[in-house]
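Q: Sequence:
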Amino acid sequence: MKTRLFKLGMLLVPSLCLGLSLDAFAAGTPVSMLTQVQGDVQVSKDGKEWKKVDRNKFLFAGYQVKTGADGVGKLVNQTTNLTQEVAANSVVEITEADVKALSGKISAPAQDSGNLVDGIGQRFDKAQRYTTVRRSVEKKATEVKLDTVSEITLSAAYPDLVWSGMGKEYSYRLVIDGKNHDIAATDNEIIRFTVPALSAGEHDYRVDVMQGSNAVYEPKKSGKIKWLSKDEEKQIADGLAKIEKTSPGDTFFKAYFLDDKGLTVSALDLYRKYFESNADDVDMYPMLIKAYNDLKLEKQKKESALKLQDMRKAAGG
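Counting from 1, one number per residue, gives the positions in the sequence shown under my numbering.
Among the hints, erroneous ones may be present.
[To be verified] Here are the simulated lysine to any residue pairs, SDA-like style, with alpha carbons at most 25 Å apart:
no. : residue 1 : residue 2
1   : K145      : T186
2   : K145      : D160
3   : K296      : R129
4   : K126      : A279
5   : K179      : K45
6   : K48       : V72
7   : K273      : T132
8   : K226      : E202
9   : K261      : V216
10  : K299      : R129
11  : K126      : M311
12  : K296      : D269
13  : K45       : G121
14  : K224      : D182
15  : K100      : Q42
16  : K313      : N278
17  : K220      : D182
18  : K234      : A156
[Unchecked claim] Have a look at the derived ranges for each label pair, beta carbon to beta carbon:
no. : residue 1 : residue 2 : range
19  : A156      : D112      : 28 to 34 Å
20  : D112      : G249      : 20 to 26 Å
21  : Q111      : A241      : 35 to 41 Å
22  : E276      : K168      : 25 to 31 Å
23  : E202      : L82       : 21 to 27 Å
24  : A69       : D46       : 20 to 26 Å
25  : D46       : D70       : 35 to 41 Å
26  : A314      : E202      : 33 to 39 Å
Hints are computed from structural coordinates only; laboratory data are not their basis. Beta carbons are placed, not taken as given, at the ideal position from N, Cα and C, and that holds for glycine.
Kindly generate the complete structure, drawing on both the sequences and the hints.
A: Listed below in structure tokens is the structure:
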């Protein structure tokens with residue numbers, strides 16, 4: 001049993017609003033994913049400024065892909081899951097309906113059984129809902145109430161559970177199937193607890209907020225932990241290995257893959273790692289915000305949404 005804590009500060013809640021919400025400047029939904037990139041492959045939002053790509057990348061309508069003499073890649077339609085191969089020395093444009101070759105050659109759409117996840121469309125649409133928030137003055141909550149995720153998938157390889165910290169005066173009692181696990185008081189914003197191994201299947205859990213020996217908050221309804229079996233965990237490991245083989249070091253797609261499988265805590269870790277190194281990837285930032293939302297980490301969700309608004313304004317979007 002192991003407890004790990006993220007040092008971030010005090011949980012606050014919004015109060016007096018000082019202005020209207022800023023526009024989210026939504027870029028729409030990704031319509032294609034560029035994958036299995038090899039050689040000289042570049043992407044542009046407008047056909048003027050180009051950036052070299054060496055990993056999987058989600059593309060929006062209006063994006064263009066350019067390959068050099070040794071460059072190739074595959075495009076996966078996020079609605080149909082059909083794939084098309086972009087040949088060397090080609091320029092293609094992504095549209096809402098299909099992919100258009102501006103020069104060079106692209107193959108006809110075909111089925112590909114190797115796709116690891118379904119299209120991102122619905123998940124990204126949901127993520128966009130969380131990107132518009134109000135800027136406000138904040139004050140400490142007067143009521144002790146802790147929201148925790150109602151369902152979470154964990155495993156031996158991904159055993160960590162997280163929730164919002166309530167302040168240094170509070171400790172926590174995690175109850176799993178009636179067994180108590182005590183977590184010491186801390187002023188960290190995110191509490192992280194490594195759950196001891198459980199049997200495969202569903203388990204009831206709840207997190208009580210404690211002050212001394214007294215429970216000052218107990219949720220009315222328990223949540224569910226789904227603990228993966230060894231076979232299910234092997235499928236996850238195989239999927240991650242395939243991503244690493246086809247796109248080495250692709251932290252974002254690994255995060256998205258884990259997110260798709262319900263391993264949201266581990267997905268959040270990788271989303272955070274990815275955006276620390278790729279701060280300019282404004283388009284996909286809503287996925288980080290969604291992960292915070294799904295884990296009931298409201299303060300981090302709001303801070304990230306405001307950061308996204310600022311990034312979009314700076315980018316002229």
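Q: Evaluate each hint against the coordinates.
A: Each hint, compared with the structure:
For the proposed pair K145 and T186, the alpha carbon gap of about 16 Å is at most 25 Å, so the pair holds. Proximity of K145 to D160 is assessed by CA-CA distance (about 22 Å); at most 25 Å being required, the pair is judged to hold. Restraint check for K296 and R129: the C-alpha separation of about 15 Å stays at or below 25 Å, so the hint holds. Between K126 and A279, the direct Cα distance comes to roughly 21 Å. Compliance with the 25 Å bound is thereby established for this hinted pair.
Of the supplied pair hints, the one linking K179 and K45 is violated, its CA atoms being roughly 53 Å apart against a limit of 25 Å. With a C-alpha separation of about 20 Å, the suggested pair K48 and V72 falls inside the 25 Å cut-off, and the hint holds. As the CA atoms of K273 and T132 are separated by approximately 23 Å, the hinted pair is consistent with the 25 Å bound. Simply put, K226 and E202 have alpha-carbon atoms about 4 Å apart, close enough for the 25 Å limit, and the pair holds.
With a C-alpha separation of about 34 Å, the suggested pairing of K261 with V216 is violated against the 25 Å cut-off. This hinted pair checks out: K299 and R129 have alpha carbons roughly 16 Å apart, not beyond 25 Å. For the hint linking K126 to M311, the alpha-carbon distance of about 20 Å falls within 25 Å, and the restraint holds. Among the hinted pairs, K296 with D269 is consistent with the structure: their alpha-carbon atoms are about 15 Å apart, no more than 25 Å.
Distance hint between K45 and G121 is fulfilled; the C-alpha atoms sit about 19 Å from each other, no more than 25 Å. Distance restraint check for K224 and D182: the Cα-Cα separation of roughly 19 Å lies within the 25 Å cut-off, and the hinted pair is therefore satisfied. This hinted pair checks out: K100 and Q42 have alpha carbons roughly 16 Å apart, not beyond 25 Å. A hinted pair counts as satisfied when its Cα atoms are at most 25 Å apart, and K313 with N278 qualifies at roughly 18 Å.
Restraint check for K220 and D182: the C-alpha separation of about 19 Å stays at or below 25 Å, so the hint holds. Restraint check for K234 and A156: satisfied, since their Cα atoms lie roughly 11 Å apart, inside the 25 Å limit. One distance hint, 28 to 34 Å for the beta-carbon pair A156 and D112, holds here, with the actual separation near 31 Å. Taken as a hint, the range 20 to 26 Å holds for the pair D112 and G249, whose Cβ atoms sit roughly 22 Å apart.
Remark: the range hint 35 to 41 Å for Q111 to A241 is contradicted by a beta-carbon distance near 23 Å. At about 27 Å, the CB distance of E276 to K168 agrees with the hint of 25 to 31 Å. Separated by about 36 Å at the C-beta atoms, E202 and L82 break the suggested range of 21 to 27 Å. At about 24 Å, the CB distance of A69 to D46 agrees with the hint of 20 to 26 Å.
Between D46 and D70, the C-beta spacing of about 25 Å breaks the proposed range 35 to 41 Å. At about 45 Å, the beta-carbon gap between A314 and E202 misses the expected band of 33 to 39 Å.
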